[in-house]
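S.K.: One letter stands for each residue in the lines below.
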Amino acid sequence: MVASVTSFGRNGLSDWIIQRFTAVVLAAYTVFILGYLIYNPELTYEQWSGLFACTAMRIFSLLALLCIGAHAWVGLWTVSTDYMRSTAVRLSFQAFFGVVLFAYVVWGIQILWG
Amino acid sequence: MENKRPVNLDLTQFKFPLPALTSIAHRITGVMLFVGLVFLMYGLDLSLSSEQGFAEAKALFDNALVKFIIWGVVSALLYHLVAGVKHLIMDLGVGETIEGGELGAQITIVLSVVLIVLAGVWIW
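For the protein sequence lines, the chains are Y and A, in the order given.
Going by this note's numbering, the first sequence opens with residue 1, and the numbers climb by one from there.
Going by this note's numbering, the second sequence opens with residue 1, and the numbers climb by one from there.
Warning: the hint list may mix true and false statements.
Distance windows between CB atoms, simulated [said to hold, decoys possible]: (1) V7/A / L37/Y: 46 to 52 Å; (2) G53/A / V106/Y: 16 to 22 Å; (3) V35/A / D82/Y: 16 to 22 Å; (4) V38/A / A27/Y: 18 to 24 Å; (5) S4/Y / Q13/A: 30 to 36 Å; (6) V31/Y / L9/A: 37 to 43 Å.
Honestly, the hints are just simulated from the structure, not real lab data.
Just so you know, even glycine gets a beta-carbon here, dropped at the ideal spot from N, CA and C.
Just chain A, with the same shape it has in the complex (with noise of 0.2 Å):
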C-alpha cells in the first residue's frame, strides 16, 4: 500500500484530554491483569490443594512483598471494572457529549482511587 500521508504526529506535542487518559489506563490495567491472573490462580489453586495449601497461602499473605503484589493486581482489577462499567453506562447512551465524556472520566479516577485506597486498608 502506498502511503504519501504526511507523519509529523509529536505525540510530546499533544495534552490529552482526560477521558484519552482514562481509556489508555483501561487498556494498561487490563494488560495487567492477563500478566497478574498468575498470581491469583496460583493463590486459588493452592489455597484449594489441601488443609496445608491453604495454610500456606495463608502464610504468604504475611510476606511485604506478596501483599504488595495483591494489592497491585486487585487495584488494576478495580479501575478497569470502574472504567468497564462507565463504559456500560455509555453503551446506555449516557453520557456521550463531550461534557459527559469528561464527568465520566471523572467520577472513574474519584471512585477507583477510593476503592484502590480501601483495598490497600483492607489487605493491611
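Extracted from the complex, chain Y is given alone in its bound form (with noise of 0.2 Å):
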C-alpha cells in the first residue's frame, strides 16, 4: 500500500477513491452551471442571485467548493510527487497549492455568503 505523510487521505487508496467522489460531484455542478447558463442566455441579475440565494444551491455550491479543495489536493498531489525530485521544490510547491485551494475554498464561501 502506498502511504505517504502528503498525501490527503494518508494512503493511496482513500485518495484514490476521494478523487472519484468529488469528481462525480464535479462534473454534476459544472454540467448544471453550463447547462443553466446555456438555457438562460439573457440571464438578469434578480435570476443569477436568486439561484444562488436558494439553499439547495448554496449546499451545492459549498459541496462543489470542498470537492475542488480535495481534488486538486489530491491530482496536484499526484502530478508534484511524479515530477518534482527535489524534495524541498516538491514539499515547498505542495504548501503552496494547499494555501492556494483554502484561499478557493474562503473566498468561495465568502461570495456564497459575504
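Build the complex: two chains, separate frames, hints provided.
M.R.: Right under this line is the structure:
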C-alpha cells in the first residue's frame, strides 16, 4: 500500500476513492452550471442572485467548493510527486497550492454568504 | 539510496501512444484549471456582488481577451471532464484492453474537440 505523510487521505487507496467521489460531484456541478447558462442566455441579476440565494444551491455550491479543494489537492499532489524529485521543491510547491486551495475555499464561502 | 540503474531514457526517442497523450493532457488541463479557477471565481464574485457588479461582469465579457480566457478555461474544463468520465468508465472495467484504451482515447479526443468548438461558438 502506498503511504505518504503528505497524501490527502494518508494512503493511496483513500486518495483514489476521494478523487472519484469528488469528480462525480464536480461533473454534476459543471453540467448544471453550463446547462443553466446555456438555457438562460438573457440572464438577469435577479435570476442569478436568486439562484445562489436558495439553500439547495448554496449546499450544492459549498459541496462543489470543498470537492475542488480535495480533488485538486490529490491531483496536484500526484503530479508534483511524479515530476518534482527534489524534496525541498516538491514540499514548497505542495505548501503553495495547499494555501491557494484553502484561499479558494474561503473566498468561495465569502462569495456565497458575503 | 544507492542507484546503480542506468539512466538512458531519451524521451525524444519515444513515440507516445495516444492514451499516453490523452493522459498527459488530462494532467495539463488539471493544472490549468487550478490556475484558471481564479478567473471563474472572480467572475462569480463580481456577478453576485450587486446589480452594478453583474453589469460590470457582463461588460467585461464583451472584451475579446476576456472571452478568450474564458474559452480557454472552459475548454480545459470540458477536456478534463470528458477524460475524467472515461476514467470512471474504465474504473468500472470497461475498455481496459490495449484496443479499448486506444478507442477510449480516440473517443475522448473527438468528443472534447466537438465540445470545445461548440463552447467557442456559444461564447462568441
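S.K.: Run every hint past the structure and note whether it holds.
M.R.: Hint by hint, here is what the structure shows:
1. Checking the proposed 46 to 52 Å range against V7/A and L37/Y shows it holds: the Cβ atoms sit about 50 Å from each other.
2. With their beta carbons about 20 Å apart, G53/A and V106/Y fall inside the hinted range of 16 to 22 Å.
3. The hinted window of 16 to 22 Å between V35/A and D82/Y holds, with their beta carbons roughly 18 Å apart.
4. Our hint of 18 to 24 Å for V38/A and A27/Y holds, since their Cβ atoms are close to 21 Å apart.
5. Look at S4/Y against Q13/A: about 32 Å separates their beta carbons, and that is inside 30 to 36 Å.
6. Distance hint check: the CB atoms of V31/Y and L9/A are about 40 Å apart, consistent with the given range 37 to 43 Å.
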